[in-house]
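> Here's the letter readout for the chains.
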Amino acid sequence: MTEDLRLWLIPLLPLIGAAVNGLFGRRFKNRVVSAVALLFTAASFAKAVQAVLLAPHIGTGLPYQRMLPFNWLDAGTLHVPFGFYLDQLSSIMVLVVTGVGFLIHIYAVGYMAHEGGYYRFFAYLNLFMFFMLTLVLANNYLLMFVGWEGVGLASYLLIGFYFNKDSAANAGKKAFIVNRIGDFAFLLGMFLVIQKFGSLNFTAIFGLLKDVPAEAGWGLLTIIALLFLFGATGKSAQIPLYVWLPDAMEGPTPVSALIHAATMVTAGIYMIARSSAIFSRAPHALEVVAIIGGLTAIFAATMGLAQNDIKRVLAYSTVSQLGYMVMACGVAAYAAGIFHLMTHAFFKALLFLGAGSVIHAVGGEQDMRHMGGLRTKIPVTFWVMTIATFTIAGVPPLAGFFSKDEILWQTWNNSPALWVVGFITAGLTSFYMFRLWFMTFFGELRLKSHGHDSAHGHGSDHSDGVHESPWIMLAPLVVLAVLSIFGGLVGIPEALGGHNEIHHYLEPAITAPLAETRAGMAMEAAEHAGSTELAFAGLSVAVAALGFLMAWFFYYKRPELPQKVTAKINGLYLLVLNKYYVDEGYDRLLVKPLLWVSRHVLWLVVDQKLIDGAVNGAGGASQAVGGQLRRMQSGNLRSYAAWIAAGAAAVVAFMIWRGVHQ
Amino acid sequence: MDLHTSILTIVTFLPAAGAVLLMVLPRNDRVIRWAALLISLLAFAFSLYLPAYFNSNAQDFQLQVTSQWIGQSIFYHLGVDGISMWLVLLTTFLVPLSVLISWKSIHDRVKEFFVLLLLLETAMIGVFLSLDLFLFYVFWEATLIPMALLIGMYGHERRIYAAVKFFLYTMVASVFMLAAIIWIYTQTHTFDYQAIRAMIAAGHLTAFTPAAMQWLFLGFFIAFAVKVPLFPFHTWLPDAHVEAPTAGSVLLAAVLLKMGTYGLLRFSVGLFPDQARHNATWINILAIIGIIYGALVALVQPNLKKLIAYSSVSHLGFVVLGIFTFTQAGADGAVYQMLNHGISTGALFMLAGMIYERKHTYELRRFGGLATPMPVYATFFLVAVLSSVGLPLLNGFVGEFLVLSGAAQSAPHGMIYATLATTGVIWSAAYLLWMYQKVFYGPMLHDDNKALPDLNGREQLSLWPLMAMALIMGVASPLWMKAIDPAVSQTLPAAGNATSTHSSAASLTGTPNGLQK
Amino acid sequence: MISTIDYIRILPELVLSIFGIAVMMIDPLLGPKTSRKSIGVLALIGTLSTIAATLYQAVQLNADVAFSDPAWFGMVRVDSFSIFFHLLIAGISGLCILASLEYFDTQDMRGGEYYGLILFGTVGMVLMSCAIELVLIFIALEISSISTYILAGYRRRNASGVESAVKYFLLGSFATAFFLYGVAMIFGATGSTSVVSIAAALKDHGAGPLVYAAAALMLIGLGFKIAAAPFHVWTPDVYEGAPAPVVALMSTGPKAAAFAVLLRVLFSTGIPVRGWFWLVWITAALSMTLGNFGALRQNNVKRMLAYSSIAHAGYLLVAFAAYGISLPEQVDGMSAAIFYTAAYAAMNVGAFIVISHFAGKDERFVSIDDYAGLGRRSPLLAFTLTIFLLSLIGIPLTGGFLAKYYVFTAALRANLVWLSVIGLVNSAVAAYYYLRLIVVMYMREPSGEATAPERVAPSTAAALLLASIATVYLGTMPGNIQHLAEQGAKNLKIAATQSSAAAATPMNPKKN
Amino acid sequence: MLHEILFLFFAAICVGGAINLVLQRHPINSALSLVVVMVSLAALYLLLGAEFVGAVQVIVYAGAIMVLFVFVIMLLNAGAEEQSQGSRIALLIGGPGVALLAGAIMWLVTHSDKTIGNVVVGSMVSTTGGDNTHQVARLLFKDFLLPFEVTSILILIAIMGAVVLASRKES
Amino acid sequence: MVPLSWYLILSAILFCLGVSAFLLKRNIITIFMSIELMLNAVNLSFVAFANHLGKLSGHVFVFFVMVVAAAEAAVGLAIIIAVFRTRETLNVDRVNLLKL
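Residue numbers (the numbering used here), protein chains in the order written: chain X, 1 to 662; chain D, 1 to 517; chain S, 1 to 512; chain E, 1 to 171; chain A, 1 to 100.
Calculated directly from the structure, the hints in this document are not laboratory data.
Check before you lean on any hint, since a few could be wrong.
[What the hints assert, rightly or not] Partner residues aside, some chain X positions facing chain D, computed with beta carbon under 10 angstroms:
hint : residue
1    : Gly22
2    : Thr77
3    : His79
4    : Ala113
5    : Gly117
6    : Arg120
7    : Gly160
8    : Gly172
9    : Phe176
10   : Gln195
11   : Trp596
12   : Leu602
[Claimed, not checked] BS3-like mimics (lysine-lysine), calculated; alpha carbons at most 30 angstroms apart, straight line:
hint : chain 1 : residue 1 : chain 2 : residue 2
13   : X       : Lys196    : D       : Lys104
14   : S       : Lys203    : A       : Lys55
15   : X       : Lys210    : X       : Lys196
16   : S       : Lys493    : A       : Lys55
17   : X       : Lys609    : X       : Lys592
18   : D       : Lys450    : D       : Lys359
Beta carbons: idealized from backbone N, C-alpha and C, even for Gly.
Model the full assembly from the supplied sequences, consistent with the hints where possible.
Structure, rendered in structure tokens:
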């Protein structure tokens with residue numbers, strides 16, 4: 001009986017929750033809705049814990065794999081089962097997703113308490129859980145793609161939760177479409193996989209790859225890897241498809257925490273790590289992965305510098321951190337990437353939820369320029385936020401320090417240039433995070449006039465309206481804070497006296513790059529350089545400290561200074577503030593021309609004038625011919641006789657000619 | 001005369017008999033509506049016999065019925081295989097819903113409406129079941145009249161233009177098919193599909209030179225291409241859809257267009273495999289142009305129905321592409337996509353009709369923010385949109401994925417086809433979500449929209465089956481594929497070729513299914 | 001000398017003549033104000049008796065093949081071909097009489113002579129189908145023509161009615177002169193006017209240019225009667241002006257008879273195929289194209305159907321062309337032509353009956369626009385007209401479709417691919433103008449002064465019912481009729497070979 | 001020789017009369033020209049040995065039918081015809097048509113050597129004895145009995161037609 | 001000896017003159033007369049052929065043509081009278097209500 005873990009229950013439970021709430025939630029009280037949502041999420045979490053604990057002891061141990069007795073797809077030689085797969089990688093993922101997910105559900109009960117469409121929110125949230133768990137538990141690419149697309153849908157729905165706001169609706173749509181662009185590549189990658197391997201099943205593919213050497217040039221594996229990478233850039237908000245994520249902050253804050261920080265956006269990293277067998281045999285593709293990751297990390301960090309919306313800062317920070325993870329994958333340090341993914345899930349969720357608590361406290365205000373001095377007013381929030389900020393900044397021994405440092409170290413071994421990028425990014429991260437911290441919690445309270453148009457329209461009995469969130473919201477924060485503090489302990493590198501448990505845990509699930517490749521050689525090197533690693537850890541701490549000091553100086557000591565500085569370098573500032581005009585560029589160069597061509601060329605000219613014109617023209621021409629032919633019918637008898645006579649003459653002459661020339 | 005041998009006849013002609021019954025009933029709209037609903041439900045019930053007793057392992061057409069009809073060579077010959085069975089079921093499934101959807105919206109000349117609807121049903125079923133080319137043509141043409149009348153009598157402002165255009169366009173094209181059918185007959189002295197297929201495959205007929213076959217292929221192709229409609233023969237479709245009454249649109253999109261793709265698979269490919277292969281390149285190019293072009297034009301439509309119509313052009317492009325990849329997966333996917341499109345576009349048209357009943361317009365700018373007054377409607381609409389977008393676990397994805405993967409495997413330009421066609425997943429998301437946003441999201445722009453009533457029970461009742469099907473077909477595709485797969489491999493004579501190039505890899509792994517079980 | 005059986009061989013003609021005379025005699029006995037419906041009924045009984053007489057002939061023919069020997073000194077031959085056309089033409093006349101009963105009441109006309117003329121004209125038509133001697137054919141042709149001239153001008157107070165008559169008359173006589181000239185030439189070339197002897201002579205001596213010219217001239221005359229291009233010019237004007245029931249008759253009856261003559265003259269005399277094949281080919285193509293395109297812009301329903309009848313003559317000629325070059329043992333071209341005649345008669349008579357009913361007094365409502373909303377005002381009438389129109393378009397399950405199908409099957413079997421394609425494309429174009437009428441009936445709201453037609457008289461209803469049953473019957477269960485047509489065609493063939501006429505050597509037109 | 005002269009003489013009158021028919025603008029003059037044509041044709045029939053036909057030609061055609069024409073012309077008081085230009089087609093299409101027709105037929109009759117020979121002058125010698133008219137009568141009432149009887153119907157129709165069309169009775 | 005072709009040529013000339021007259025004359029009665037001219041031309045052919053072939057049936061044919069001509073004349077003139085009554089003209093160019 002214990003043979004079958006019934007892994008399918010893990011995603012299915014939240015789906016049931018979603019179905020119950022979606023179908024009947026409108027008639028439920030909020031209390032019932034939240035009970036349903038929480039119950040199923042918790043059950044899923046429990047089930048996941050049980051599975052992760054039991055799986056290694058069943059049969060041959062991990063990876064554990066089971067199919068449902070019926071396939072999802074049967075066509076010709078292609079068979080796609082509902083197959084679930086649990087190895088070390090998915091174990092981590094499933095725990096993070098269900099665990100963090102459950103916490104965020106709890107938080108949301110408080111946060112959304114006064115929102116309309118309460119049942120809808122939880123239905124969507126549970127639906128998201130279902131898809132995300134499908135994604136991480138799938139045993140083949142296609143089922144993974146189900147989750148992949150599904151989380152996109154949930155994201156679309158949740159971003160557009162306040163659908164009456166044009167900006168929210170736009171953001172949701174943008175997220176979905178941009179993700180679809182990535183999915184396009186993912187699909188193509190899958191087609192090539194089918195073509196090459198005849199299967200989409202992970203074990204089948206990786207088994208076939210076992211003895212395949214790394215590709216020297218740009219072979220099929222490289223193309224597949226690049227297509228997968230492009231798919232990942234959509235989901236994990238990498239250049240060039242990161243543009244949707246900042247806009248996605250239109251969604252309610254728990255959504256931002258769950259989907260756009262902790263879980264969904266890491267799907268790309270999970271997918272790359274999952275495909276490590278392919279990527280590791282495609283060194284060129286790996287290089288591209290690393291470069292994209294690095295670029296995204298620093299690029300997003302710079303954009304984060306100038307944002308004033310608290311959630312947007314976090315959003316760019318997420319993009320930047322995701323870049324880190326991708327970069328880690330790019331240097332074949334998949335374990336480091338996943339490690340950071342996990343810690344990031346803790347502290348970024350915490351940051352978002354904390355930010356949500358802040359926003360909640362100030363009545364929906366999201367602009368940091370209108371915050372300040374909240375330290376005393378919402379102390380619990382302040383403290384958890386502080387932990388999170390220090391974690392992300394990489395202050396030891398918090399979780400972020402270990403994971404980030406691991407990435408930087410691996411990068412150094414692989415490509416010092418990328419390390420520089422990562423290093424600068426670390427400094428920038430520290431700076432903008434502390435900027436946020438100072439702007440929000442220190443200085444004067446700069447709230448705007450009261451009771452302005454608030455998305456969270458609930459009144460407040462405090463004089464200034466600022467109030468601490470209820471405990472149902474704070475409790476998850478505390479849990480996450482604890483996780484942020486201690487979560488890094490599973491990955492303390494040997495150089496710092498730890499055992500890097502997570503690294504070893506993940507090792508069986510991840511195919512290390514083959515030794516003959518550059519990444520492979522770097523890996524070898526990394527194993528034997530303990531003392532250098534220690535030095536680099538010091539450098540990381542230093543740059544974080546520098547960021548802190550800069551932020552302290554500009555936003556605490558001399559709060560008027562930033563304005564002066566930005567005035568001096570106005571052009572650059574505007575460039576950064578406006579996110580390098582990337583959105584505008586996409587709009588002008590891609591979206592607008594496409595729409596223009598569609599409307600003014602394809603529809604109005606090609607369709608209406610050319611094709612339909614030809615069709616109607618044929619009709620018109622027939623009519624015109626008919627009109628001309630009618631003129632034969634002049635009504636005059638003599639004319640008629642003339643036609644007959646001429647016809648007769650022609651007939652007779654023709655026949656005589658035929659008769660003579662027999 | 002047991003049920004087994006007469007079931008196809010019953011399924012085909014029960015609606016027509018019902019139509020006759022309706023004709024003699026008194027002009028009491030209530031009675032007529034109920035009668036039409038019961039008849040169509042009865043037809044659906046009978047049609048369920050097909051999957052129940054269908055043998056997925058049989059190679060041949062099943063439940064065949066043959067009797068001499070006209071002269072020595074024209075037979076009343078019906079038969080069903082995995083392809084036609086589901087299309088028949090799609091038809092019988094959608095007609096009761098079409099009746100429901102027309103319950104209130106048709107209030108003038110009710111009797112005529114339902115009579116036409118039921119006659120149309122018979123003709124459509126006949127098209128799918130005919131195994132005699134003459135009979136096929138008879139049913140093919142017979143669909144024209146009821147549909148044109150439905151559009152012309154119950155449509156909107158430019159209904160006459162649309163009806164005439166629909167009629168003439170299809171008529172002109174089918175004439176070429178008739179010429180081809182007759183020519184085949186004069187050479188083979190039979191109209192029997194299987195016999196002709198065997199004869200052509202055997203290659204003993206001297207008259208069937210490659211040139212002649214090419215002409216025959218084109219004769220059939222043009223008729224089907226217009227019906228599909230394949231770019232650039234598609235311009236009748238938006239007009240027809242925009243003007244048609246809801247039930248007309250539903251059946252037009254869901255079933256009538258499938259007659260074209262069904263014909264392409266059954267006749268163009270089935271009878272002339274060599275010519276089909278020979279011409280596949282440009283047909284695939286047209287299909288891909290259709291996919292992208294239809295989507296881009298849909299993207300800028302200001303009219304809800306027109307947008308859905310152009311989306312049909314795009315979706316049907318997938319079907320044609322799937323058929324002409326000559327891969328098992330591609331053709332399987334194409335057939336599945338036919339069903340999917342029937343379900344999802346049928347649902348979209350029904351939903352469009354519901355809002356038209358309330359607002360009397362399809363102009364997108366007249367909507368906006370409707371999710372607030374009509375949450376149920378918005379939810380149904382969303383599911384339909386997602387099914388059309390091709391979201392996994394809904395029906396649309398399965399077909400699309402198979403078609404595209406089939407395209408990728410097809411030689412020699414497969415990856416190019418696949419790449420271009422796969423952009424379709426981006427476009428469809430773009431135009432459908434844009435449309436959905438225009439209708440449901442954003443602030444309420446028009447005050448009169450605030451009080452719009454949400455869906456009533458009847459409307460929900462007519463949508464639920466479609467939603468359920470969209471989900472079931474998305475999750476449990478093997479239920480359908482079990483019958484489709486052998487039928488397709490039967491119809492694609494050399495389907496093995498295309499897939500065999502990859503079977504080396506597959507055989508290495510063993511089938512993944514086997515590996516895991 | 002003249003035996004009883006000889007009288008039986010002309011029994012239908014005798015019956016018709018007797019009824020015609022009876023009608024003529026009774027008419028003056030009725031008062032000037034009395035309705036002539038009773039006379040119409042008498043005439044109807046006349047046509048029914050004719051059908052009975054023909055069926056009796058058929059029984060005789062079945063009993064003894066010798067019944068089909070030429071009679072009256074080689075003047076007539078009763079065979080299944082002639083019986084088919086007798087039945088068809090008598091049926092057409094009967095339907096037209098039935099439809100006229102109401103028409104004359106509506107028009108406030110007294111029509112004693114009218115029925116007489118129809119009966120006498122029918123004598124001419126049926127005689128044309130069984131005559132095998134050019135003199136008799138000529139006289140029979142004149143009987144049918146002259147009676148239709150008069151019938152066309154029956155509304156003699158109406159300017160356009162009379163104009164139609166005079167145009168028809170003058171051009172008809174003009175064409176007859178050509179036909180006659182042809183007869184003279186064939187007489188000069190072969191020394192005989194008997195189809196049988198001509199065939200024999202042509203077999204023995206071959207055909208010189210004179211025969212070709214003769215065939216050309218006869219083709220002109222007959223081409224005029226069947227309204228084949230370019231001898232079709234009279235059709236629209238005459239159909240527009242003539243009374244609608246008369247158009248029903250003259251667009252089908254004399255046409256059928258003329259086709260019968262064409263079949264006899266072209267196929268039974270052995271006039272070389274290579275002479276007339278291309279003529280028929282071009283004429284067929286021209287007729288279809290001119291007819292259909294001409295009809296596109298017509299607003300007058302009668303005129304539109306006139307153009308359509310030109311086009312249908314074209315389709316029929318396709319069958320002729322097909323027969324001309326098909327193998328000697330194949331008769332499907334001819335049987336297709338025969339079947340087409342019947343199907344066309346059913347649907348066209350039906351359509352004109354509706355038109356004559358709908359036209360109202362003085363035929364005011366003949367514009368397409370007048371039909372707006374007919375589907376709403378009188379659904380049954382509209383439905384019936386729709387059946388006829390669909391059949392004219394050639395939609396399956398109607399006689400028109402199967403007729404076209406047989407024609408084009410024959411054509412394609414004879415390898416006339418291009419002619420078939422021209423024909424099929426034409427039939428698609430034609431769909432437009434027929435459809436226009438359907439569209440107007442069902443999709444437009446009633447407008448203008450055209451009021452709901454009064455209740456359809458039982459006689460008209462019966463006629464419509466018969467016509468629509470015939471149309472649908474021919475479209476769904478054509479077996480019997482097709483068999484008859486085939487039988488007739490074979491008979492003609494046998495007759496041609498029996499009379500030792502050399503069947504024209506079939507040849508492929510491409511080789512010429 | 002005499003035959004040739006007579007033929008040419010009457011042929012000339014015929015053609016002249018026919019041309020005159022075309023040229024004259026008053027219908028009466030045209031009618032009279034037609035009578036001239038018919039009478040000279042009767043003479044030609046005699047030359048061809050068709051006495052009976054020649055006689056009937058004068059009596060029925062020139063006599064009865066043409067009188068009917070003249071009568072109607074008088075009845076309707078038709079004046080000289082007006083030279084309206086109703087039809088360009090008549091000249092543009094009809095002119096070449098007639099020319100072609102005439103040319104074709106004339107070429108045919110002069111070049112069809114196989115079947116066309118000379119004409120026997122004078123009365124046709126019957127093979128069965130008796131004169132020409134006898135023979136015609138025998139043909140008419142035996143071989144052509146049926147057509148002959150059927151013409152009665154034709155005449156009946158003509159009578160009815162004349163009554164229907166020309167009567168003043170209001171219908 | 002007069003060659004048969006002379007008669008036939010004369011017949012052809014008369015026939016074509018008849019056709020020309022039909023095309024050129026405006027008066028309906030004259031047009032009708034031109035038809036009579038054509039019939040006469042045909043009759044000449046018949047008689048000439050009959051003479052040439054020695055077959056009297058040609059004569060009988062002429063006889064029937066005359067009967068037909070007479071019948072046509074009766075009907076035709078009646079129609080012409082009817083036309084005159086409704087249109088007050090015999091000019092064929094003016095009898096053109098029905099057209100196109």
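> Compare the structure with each hint and give your call.
A quick look at each hint next to the structure:
{"no.": "1", "hint": "Gly22", "result": "holds (8 angstroms)"}
{"no.": "2", "hint": "Thr77", "result": "holds (5 angstroms)"}
{"no.": "3", "hint": "His79", "result": "holds (4 angstroms)"}
{"no.": "4", "hint": "Ala113", "result": "violated (20 angstroms)"}
{"no.": "5", "hint": "Gly117", "result": "holds (8 angstroms)"}
{"no.": "6", "hint": "Arg120", "result": "holds (8 angstroms)"}
{"no.": "7", "hint": "Gly160", "result": "holds (6 angstroms)"}
{"no.": "8", "hint": "Gly172", "result": "holds (8 angstroms)"}
{"no.": "9", "hint": "Phe176", "result": "holds (6 angstroms)"}
{"no.": "10", "hint": "Gln195", "result": "holds (6 angstroms)"}
{"no.": "11", "hint": "Trp596", "result": "holds (9 angstroms)"}
{"no.": "12", "hint": "Leu602", "result": "holds (5 angstroms)"}
{"no.": "13", "hint": "Lys196/X <-> Lys104/D", "result": "violated (55 angstroms)"}
{"no.": "14", "hint": "Lys203/S <-> Lys55/A", "result": "holds (20 angstroms)"}
{"no.": "15", "hint": "Lys210/X <-> Lys196/X", "result": "holds (14 angstroms)"}
{"no.": "16", "hint": "Lys493/S <-> Lys55/A", "result": "holds (29 angstroms)"}
{"no.": "17", "hint": "Lys609/X <-> Lys592/X", "result": "holds (22 angstroms)"}
{"no.": "18", "hint": "Lys450/D <-> Lys359/D", "result": "holds (12 angstroms)"}
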